[in-house]
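Produce the complete structure using the sequences and hints provided.
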Amino acid sequence: MNGFWHYFTSAVDPMSNVGFARAIAEVTESGSPAWWLMVVLPFVAIVLPPILVWFVYVVKPSAIRPPLPAQPGPIQPLVSVVIAGRNESETIGQCIRGALTCGYPNLEVIFVDDNSEDDSVAIARCAALCATGTDRDGDRVRIFPSPRRNGKASSLNIGIRMARGEYIAIIDADSMIQYGSMQHWLLPFSDARVGGVAANIRVNNSTASLLTRFQEIEYALKYMAKYAQARLNLLFVISGMGGLFRTEILRRLGGFDTGLGDDRDLSTMIRKQRWRLAFSIDAVVWTTVPATRYHLWRQRARWRRNIVKICLSKHRDLFVLGRYGFANAVLVIEVALIHILIPVAFIAGLLSATFEYGPFATPEILATAYWIILIYLIVGALIARDLSGTPAPAHFPLIFLLPFYYLCLVALPQYYAEITELLRIGAKHHYVPDHIWEEIPWW
Amino acid sequence: MNDAAIPASGRLQAETRQLDLLRQIAGAGGTLLPRADPSAALGHSYALVGDDVANDLGALKRRDYLKASFFDRVSLCPKCGGHHLNVREICPGCARANLTSEGLLHHFRCGYVGLPSEFSPATDGSYRCPKCNRVMHHLGTEYDRLGKAFQCRSCGLVSENPPVEAVCLGCSVHTPAENLVSEVVLSFTLTSRGAAAIRRGSLLDDDEELVLVAEAPILRRPVLLKFLEHELERQRQLNGFFSLLLIKFTAEAMDAGEGGSLAPQLFRLRECLRDVDLIGQLADADFLVILPQAKHREAEELRRRIGAEFGARPPFVLATLQSADEKQESVQQILARLHAESGAR
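Protein chains in written order, with this note's numbering: chain Y, 1 to 443; chain C, 1 to 345.
Since the hints were made in silico from the structure, they are not lab data. Take these hints with a grain of salt, some might be off.
Label-pair distances were calculated between CB atoms; the ranges are [as the list claims (entries may be wrong)]: (1) C:Ala97 x Y:Glu438: 39 to 47 Å; (2) C:Thr141 x Y:Gly103: 41 to 49 Å; (3) C:Thr141 x Y:Leu407: 23 to 31 Å; (4) Y:Ala208 x C:Cys94: 43 to 51 Å.
Subject to a maximum C-alpha distance of 16 Å in a straight line, what follows is the list of computed EDC-like cross-link-like pairs (lysine to aspartate or glutamate) [claimed, not checked]: (5) Y:Lys60 x Y:Asp386; (6) C:Lys131 x Y:Glu439; (7) Y:Lys272 x Y:Asp317; (8) C:Lys148 x C:Glu89; (9) Y:Lys222 x Y:Glu334; (10) C:Lys131 x Y:Glu248.
Calculated from the model, a selection of chain Y residues having no Cβ within reach of chain C, i.e. all distances over 12 Å [unchecked claim]: (11) Val39; (12) Pro42; (13) Phe43; (14) Pro77; (15) Leu156; (16) Gln183; (17) Leu210; (18) Arg231; (19) Ile307; (20) Ala327; (21) Leu351; (22) Phe396; (23) Tyr406.
Computed from a prediction, not measured in an experiment: that's the story for all the values here. Each residue gets a CB set at the ideal place from its N, CA and C atoms; glycine is no exception.
Next comes the structure, spelled out in structure tokens:
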């Protein structure tokens, strides 16, 4: 601990900021793989794209945030907002009301209740009644209470089947579309190659706890990177919290597959059909993030298990480079590099350095890594703040603790989930009903 | 129309007609049930007692000769008031009634959801999934039906709970079901007061009308004495029996009761009584309850029940008395005996 403390304090103190500078200088001049792994690669993968985006934004803002046409077209396409949820009585009311009052006139809302045990359906009908004046299905709101629990994927498929819009927006039951976002969300579809558009997910309950504050910063950084990825045709996931798709694609694919992470699986299937995925900064969808460690752990573990299943099992044919195009091959490289090689190489390098230089070198390496990551995070957060107004200035001091948040509450559950999924320990998803689980393929 | 504005001859005719109506209801067993009648205004008529009796029934109900009960609810066109309506589900999208009702099928393996017509039939009578091309053999383990859904044959929209619309066959106006005018059809039952009017052969005079206290019918003194006289007569002729319960409110209760605050206590008292029991006001603080077909033991039981209802210190004194079988008592004698009984308590 004394070693860590020494390097942290020495870097904070401007008069004796030698430890970090010396470490950087040493690692730069050494030409060792650590330089590439710890500094160059994260910089290129994580920081450089947002910096480039920001430079473009400074020079030509309309290139990043295209303005809406002065006059809306004579025919605005019908958009079906599909919401699936189970026991979401606390949030479903505001979710439906938010969709109906998002400022887009030609819109319908379809809520599929996955056999809730609470009064989600009654609250949804009440929200529909407030907005439309009737508690029966209307041309703006339709509610389908499922008589049996089917899981989220099947519930969304019911909604997709009932939708009649040209585009289908899929949002979580605890999400809310910001006023005026739908027009921005539709803009990227002017490119005929675009099959789906990811929304800019913002955290609704950022002040609920320390964890939600961390997640606000995390989401801001993540969605800045998504913009750059989308511009390079390297966006691979449209989040289930807010995604807009062409209906014809979803129908052609037969909707979601059961038993897997819904959003990543669908996004991969769309990409394999050679459609592009886009991102819109101004299509803001507010979502509720987990406020407790337990729920955050479960969420991140679920996400990571799905990545392993989708990338290493169900869609492993993506590894056949060239079969689905260059961009999709990059996906494989990204997954292999970011999720597997870099963590493994970092741990291996740390162990190697410890054996080579003794245990006293470990804190120096970790503290150096901490400051490098911190600089990248600060740069990313400043760019995110300038571009999309998040994270909140009051949360900026938390960036100093963000590496520990990533390590303890994001990385650990993710690696734990990866290992358990690879070893097939506890593979059954609690959110997939038994009768569905027994039928689905063993991915 | 106000009763006071009706000429005396007209009132007599109306009373005669209403008394006949009461007699007809009594002859039919005491209850008048409406019957379905497509030609009637609300689709129901009281054929037993003839047409155009709605006003008389309403007047008799207001004067407590009849008790009205809910029989049915009828929806009417808001424009013309007709009840000839064609009610059906319509498509929420195109508002046409060209709907077909099919349960959505859900294939567990691939999650595909669609109408049965989208699943091609396999050779053995099972379905083949259009998404994964697998045969779905067993309902419940391989696939499921997701409730009932309506599909519009015109625009293809699928809806689980489509809106309901009514078309008036008289004026062709389309109205959402929630905007239809709703009217209640009533059945009528003869009350004890109605039965008394039949026995007496005339309706009660205006000054003998009920005094309504907290929605409980409290009879005035002349009416009460008339009923008491009638009970004595019935006892003599039919060897029947009845009991009386005297309720004397205390001075404190009367002082506190200025401004009509006796009403809650009278309402609670009324709750303890049977429907056939008659309660009336003898004097300012004295109320009398006639308990037909009740012996002294039952009257005492009622007294105890009232005592329990009002707690340890009720705001009144109670006295009970059973009519004497052998004596030919008059109203005054029996009331004197009752007052003496209450004084003894």
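We went through each hint and held it up to the structure:
no., hint, verdict
1, C:Ala97 x Y:Glu438: 39 to 47 Å, "41 Å, holds"
2, C:Thr141 x Y:Gly103: 41 to 49 Å, "46 Å, holds"
3, C:Thr141 x Y:Leu407: 23 to 31 Å, "45 Å, violated"
4, Y:Ala208 x C:Cys94: 43 to 51 Å, "44 Å, holds"
5, Y:Lys60 x Y:Asp386, "14 Å, holds"
6, C:Lys131 x Y:Glu439, "15 Å, holds"
7, Y:Lys272 x Y:Asp317, "10 Å, holds"
8, C:Lys148 x C:Glu89, "13 Å, holds"
9, Y:Lys222 x Y:Glu334, "15 Å, holds"
10, C:Lys131 x Y:Glu248, "14 Å, holds"
11, Val39, "44 Å, holds"
12, Pro42, "38 Å, holds"
13, Phe43, "41 Å, holds"
14, Pro77, "15 Å, holds"
15, Leu156, "9 Å, violated"
16, Gln183, "23 Å, holds"
17, Leu210, "37 Å, holds"
18, Arg231, "32 Å, holds"
19, Ile307, "19 Å, holds"
20, Ala327, "26 Å, holds"
21, Leu351, "44 Å, holds"
22, Phe396, "43 Å, holds"
23, Tyr406, "33 Å, holds"
This entry does not satisfy hints 3, 15, going by the numbered hints stated previously.
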